[in-house]
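K.L.:
Sequence:
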Amino acid sequence: MDIFFRQKQLNRALRTALLALCVAVPSVALADDYMDGYAADPIAAAPAAPAPSALPAAIQTTPVSNKAYAASGQANPAYATSGNVLSTNDTELSGTVTPPAIISSDSSPQPPADLWARIRSGFSMSQLDSPQVASSVNWYAQRPDYMRRTIERSKMYLFHIMEQVQKRGMPSEIALLPIVESAFNPMAYSRSHASGIWQFIPSTGKDFGLKQNGWYDGRRDIVAATSAALNYLDKLHTMFGSWELALAAYNCGEGCVSRAIAKNQAAGLPTDYLSLKLPSETRDYVPKLMAVKEIVSDPAMVGMSLSSIPNRAYFTKVSLQNPIDMKLAAKLADMPLTQFESLNPAYKKPIVRSDTPQQILLPVDKADAFSTNLKNYDQPLVSWQAYPAKAGDNAAGIAKKFGVTLVWLKQHNEFELTRKGKLTEDHTLLVPLENNLEPEQLAATTSPSDKPDTVAKNDATTGSRTRTVTVKRGETLTSLARHHRVAVADLKRWNHLRNHQVHAGEELIIAATVSTERKAERSSSHMAKAKPSKKIKHYTVKRGDTLFSIAQKFDVAVPDIQRWNSLKNKAAIKPGVKLALQEG
Numbered sequence: 022m023d024i025f026f027r028q029k030q031l032n033r034a035l036r037t038a039l040l041a042l043c044v045a046v047p048s049v050a051l052a053d054d055y056m057d058g059y060a061a062d063p064i065a066a067a068p069a070a071p072a073p074s075a076l077p078a079a080i081q082t083t084p085v086s087n088k089a090y091a092a093s094g095q096a097n098p099a100y101a102t103s104g105n106v107l108s109t110n111d112t113e114l115s116g117t118v119t120p121p122a123i124i125s126s127d128s129s130p131q132p133p134a135d136l137w138a139r140i141r142s143g144f145s146m147s148q149l150d151s152p153q154v155a156s157s158v159n160w161y162a163q164r165p166d167y168m169r170r171t172i173e174r175s176k177m178y179l180f181h182i183m184e185q186v187q188k189r190g191m192p193s194e195i196a197l198l199p200i201v202e203s204a205f206n207p208m209a210y211s212r213s214h215a216s217g218i219w220q221f222i223p224s225t226g227k228d229f230g231l232k233q234n235g236w237y238d239g240r241r242d243i244v245a246a247t248s249a250a251l252n253y254l255d256k257l258h259t260m261f262g263s264w265e266l267a268l269a270a271y272n273c274g275e276g277c278v279s280r281a282i283a284k285n286q287a288a289g290l291p292t293d294y295l296s297l298k299l300p301s302e303t304r305d306y307v308p309k310l311m312a313v314k315e316i317v318s319d320p321a322m323v324g325m326s327l328s329s330i331p332n333r334a335y336f337t338k339v340s341l342q343n344p345i346d347m348k349l350a351a352k353l354a355d356m357p358l359t360q361f362e363s364l365n366p367a368y369k370k371p372i373v374r375s376d377t378p379q380q381i382l383l384p385v386d387k388a389d390a391f392s393t394n395l396k397n398y399d400q401p402l403v404s405w406q407a408y409p410a411k412a413g414d415n416a417a418g419i420a421k422k423f424g425v426t427l428v429w430l431k432q433h434n435e436f437e438l439t440r441k442g443k444l445t446e447d448h449t450l451l452v453p454l455e456n457n458l459e460p461e462q463l464a465a466t467t468s469p470s471d472k473p474d475t476v477a478k479n480d481a482t483t484g485s486r487t488r489t490v491t492v493k494r495g496e497t498l499t500s501l502a503r504h505h506r507v508a509v510a511d512l513k514r515w516n517h518l519r520n521h522q523v524h525a526g527e528e529l530i531i532a533a534t535v536s537t538e539r540k541a542e543r544s545s546s547h548m549a550k551a552k553p554s555k556k557i558k559h560y561t562v563k564r565g566d567t568l569f570s571i572a573q574k575f576d577v578a579v580p581d582i583q584r585w586n587s588l589k590n591k592a593a594i595k596p597g598v599k600l601a602l603q604e605g
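This note's numbering puts the last residue of the sequence shown at 605; the count rises by one with no breaks.
To be clear, the hints were calculated from the coordinates, so they are not data collected in a lab. Among the hints, a few may not be true.
Listed below are the simulated DSSO-like cross-link pairs for lysine-lysine, each with C-alpha atoms no more than 27 Å apart in a straight line [claimed, not checked]:
1) Lys396 x Lys370
2) Lys369 x Lys513
3) Lys422 x Lys348
What follows is a list of derived Cβ distance ranges for each label pair [claimed, not checked]:
4) Arg212 x Gly143: 44 to 52 Å
5) Lys574 x Asn234: 37 to 45 Å
6) Gly274 x Thr337: 33 to 41 Å
7) Pro409 x Lys574: 39 to 47 Å
8) Asn234 x Arg564: 40 to 48 Å
9) Cys273 x Asn586: 49 to 57 Å
10) Ala138 x Pro291: 34 to 42 Å
11) Gln360 x Gly274: 32 to 40 Å
All residues carry an ideal CB built from backbone N, CA and C; glycine is no exception.
Hey, can you work out the whole structure from these sequences and the hints?
P.N.:
The following block contains the structure:
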């Protein structure tokens, strides 16, 4: 009886132990935690069980064969302290007890909330054994403001790029390449005419389907250029079998790398990236990317901190049915024009036309509002039109026809002129939709940052009036401002000038109060007769000097120099001659 009683106890103990292994337990690190909650009622329902590999070591044991204990009637210490034991006819336990598989819908790992963590997890390129990597790390580390601005610009684009990189199975280092190429500036333009965040030259851009014309440049299109860049890199990787060589070819061209490989092969030398004789810029190119990788991997290493970027889409595509002014599109989306332009930098004019891709990028949280506002908008969507100009047309005449200045026309269009101010070839020009617009009225159609502070003619409260002047050869913006008694900043603002450069033949708007204008007119009519009232300085002409170079140097006009020194219009100046110059 005693042996039978003990056997029943051991059988109950074994049953409890098996049940404890098969029921669900929380996934924690300590065996004691697994057993918590089972002391009171080991048969009660419990959470989902972990996979076998997640079981603590105290549970993943190989029990001693139960046959020896069954023969003696003793309980196997590998099991629980109460319950049943196996008899000599029961199955032997000879390994880890495996609980039944439990499928959970929440078993997949959650994606990281921060995009940088996602990028780091996708790094797969081997680090280069090159001192240039450390040198590049140091270069970036010494320019924290540059890196901060670069990272700030990247926030609009980096999620989309990372999505496309991962879809293609590429190393996530590739997503950081625009930092090296353009510092994520979509308007970046190089000496070799490369453009956009991926820096495509015109020919390569066309090879990969990027449309380029006077209205639209696909190299600056964030979505199109990213697709083209990754297509090109994928092709180069297939061609050379190495991401380092693919990147080198992206920088200097596939022919450049192929020739370097062929030369090393002929000499019996290795053909890896570090062994090839490549242009200096290309030798620095991959180390720069590896340096960026090191900084992203551990920004604290160089005393930096990367501002967080949410691991979610920043923008979405919105299709358009009709052309629309970019300024109006930004207004309907309730966003700043500058932000709209940063998302849609491919459009070179202030309008999305029917012959350009009719889709725009908008922040995800602005798309619905834009669609609703556009649907309810009952005014014209465009304030511009295309004007087909022919070679030989007078540019100043076209500007006058549409009520704008030649400066404005050149600023909004790309064309070249002959010395007589005629177009050198046919052009489709962007002009205001209404040909009776005055320059002041036109201001209402420009962006806020370009809008001049002038007011309409005949404004009774200010008495301001507007006139135009034609720039003469040798005149500068400063000399014109001085001559017309206005500020240089005002001249730039009235004429939408981005710098101080003006050219002979251009027409400039001069907006001045009535009293100021009268003073300027009186001053102009008597200037030839009156003695200079301002301080005179003398300059000795040096070899190579011209009247134009001297005028530029002292920020005065050539006609003034001629007048101050009684020089004939075409008189040559010789080294050693002293010229009187009026300081102003």
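K.L.:
Are the hints correct? Go through all of them and say.
P.N.:
Taking the hints in turn, this is what the structure says about them:
Distance hint between Lys396 and Lys370 is fulfilled; the C-alpha atoms sit about 24 Å from each other, no more than 27 Å. Straight-line distance between C-alpha atoms of Lys369 and Lys513 comes to about 21 Å, which keeps the hinted pair within the 27 Å bound. At most 27 Å may separate the alpha-carbon atoms for a hinted pair to count; Lys422 and Lys348 meet this at roughly 24 Å. Between Arg212 and Gly143, the C-beta spacing of about 33 Å breaks the proposed range 44 to 52 Å.
Separation of Lys574 from Asn234 is about 40 Å and conforms to the stated range, judged on CB atoms against 37 to 45 Å. Between Gly274 and Thr337 the beta carbons are some 35 Å apart, a value that agrees with the proposed interval 33 to 41 Å. Under the hint 39 to 47 Å, the C-beta atoms of Pro409 and Lys574, about 42 Å apart, fit the expected range. Look at Asn234 against Arg564: about 46 Å separates their beta carbons, and that is inside 40 to 48 Å.
For Cys273 and Asn586, the Cβ-Cβ distance of about 54 Å falls inside the hinted range of 49 to 57 Å, so the restraint holds. In this structure the hint that Ala138 and Pro291 lie 34 to 42 Å apart at CB holds, the actual value being about 36 Å. As the Cβ distance of Gln360 to Gly274 is approximately 35 Å, the hint placing it in 32 to 40 Å holds.
In summary, the one numbered hint that this structure violates is 4.
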